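Numbering (UniProt numbering), first residue to last: 1 to 294.
Note that these hints are calculated values from the structure, not bench results. All values derive from a computational prediction rather than experimental measurement. Hints should not be assumed to be uniformly reliable.
[Claimed, not checked] 30 Å max Cα-Cα, derived BS3-like pairs, lysine-lysine:
1. Lys165 <-> Lys61
2. Lys102 <-> Lys68
3. Lys151 <-> Lys199
4. Lys289 <-> Lys231
5. Lys205 <-> Lys125
6. Lys242 <-> Lys106
7. Lys102 <-> Lys165
8. Lys68 <-> Lys192
9. Lys137 <-> Lys273
10. Lys137 <-> Lys47
11. Lys106 <-> Lys231
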Amino acid sequence: MVIFAIKVSLCFEKNVVFERFKTLMAYKAFFMGRGPKKHLKRLNAPKHWMLDKLTGTWAPKPSAGPHKTRECLPLIVFIRNRLRYALTNQETKAIVNQRLIKVDGKVRTDMTYPAGFMDVISIEKTGENFRLIYDVKGRFTIHRITDEEAKYKLCKVRQVKIGQKAIPYIVTHDGRTIRYPDPLVKVNDTVKVDIATGKFTEYIKFDSGNIAYVTGGRNMGRIGVITHREKHHGGFEIVHIKDAVDHTFATRISNVFVVGQGNQSWISLPKGKGVKLTISEERDRRREKLLASQ
C-alpha cells in the first residue's frame, strides 16, 4: 500500500508539472514573438504617411535604420506616393535598383530604407535634391533645396560620451557617432555635418534667441525663436517659443531642434515659415486668394 501510494503521488506530481509546463509554453507562445514583425498594415501605419485605407491592406514595413518607424518616411512612400515617379511597388524597386536614389550622399537600394528628419534625398538623374522636414500639420513635406544646401545637414546632439582609450564622441539624432567633437558641444546642441566627409564643421548652442524647429508633440512643424527655458527637477524641461507672428507656445525640450543662430536659419524653411494658422485664418487666406484671382 505504501509503494502504491508513493507511485500515485509521483504520477500526480508529474501531471502537475506537465500542466504547468503546458501553461508556460502557451503563455510564451501568446506573449513572446519570434523576432521582429516583418509586416505592417495600413491602419497601423503612421498617419503622416497619408496612405489611404481603401487602396490595399498592407503598408511598407520600414527596414531597421537610423530613424524610428513612427518617425521615418520609407523611400517607397516618398518616391511612389509623394513624388509620383512610380505607380507600383515593382516600378519603385526598379528605380532604386538602378542606384538612382541617394540618402545623405549614399546610394540606397532598399526601397523601405527609413529616411527621417533633416535627411537629404538626392536624385542625380533629374538633378533634384530634397530635405525631409515637417509642415505645421506634422507631415513630411516635399522641400526642394539647391545643390549647395544639399552638401550638409543639421544633426541634434543626443549624447556626449567618452569611449575606449578616453576618446570623446557625440551621438546625433540620426545615429551618427562623431569622434573628437568640440569640447563646448553639449546635449541638445545642433551640429552642421558635411555629408561628403561625415565630419561636423560648425555648431549651434541651445540658447535663448536662436531659431528652432519643433519635431514632436502638438506643435510639431512650427518654427520660432526660443524665448526661455524652464527647468523642472525630476520632470521634463519646458521650452517657450515665439513664432514669426508673435504667437507663443511651449513644448518639451526633447521636441526642440535648433536650426539657426539668432533669427538666421541655416537651412531653407518650408512654405509658411512654420507659422501655424487657425481654421478661421486659413479660411480668410483662401478667400483673399480667390478674390485676387477673379
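Which of the listed hints are broken here?
-> 1, 4, 5, 6, 7, 11
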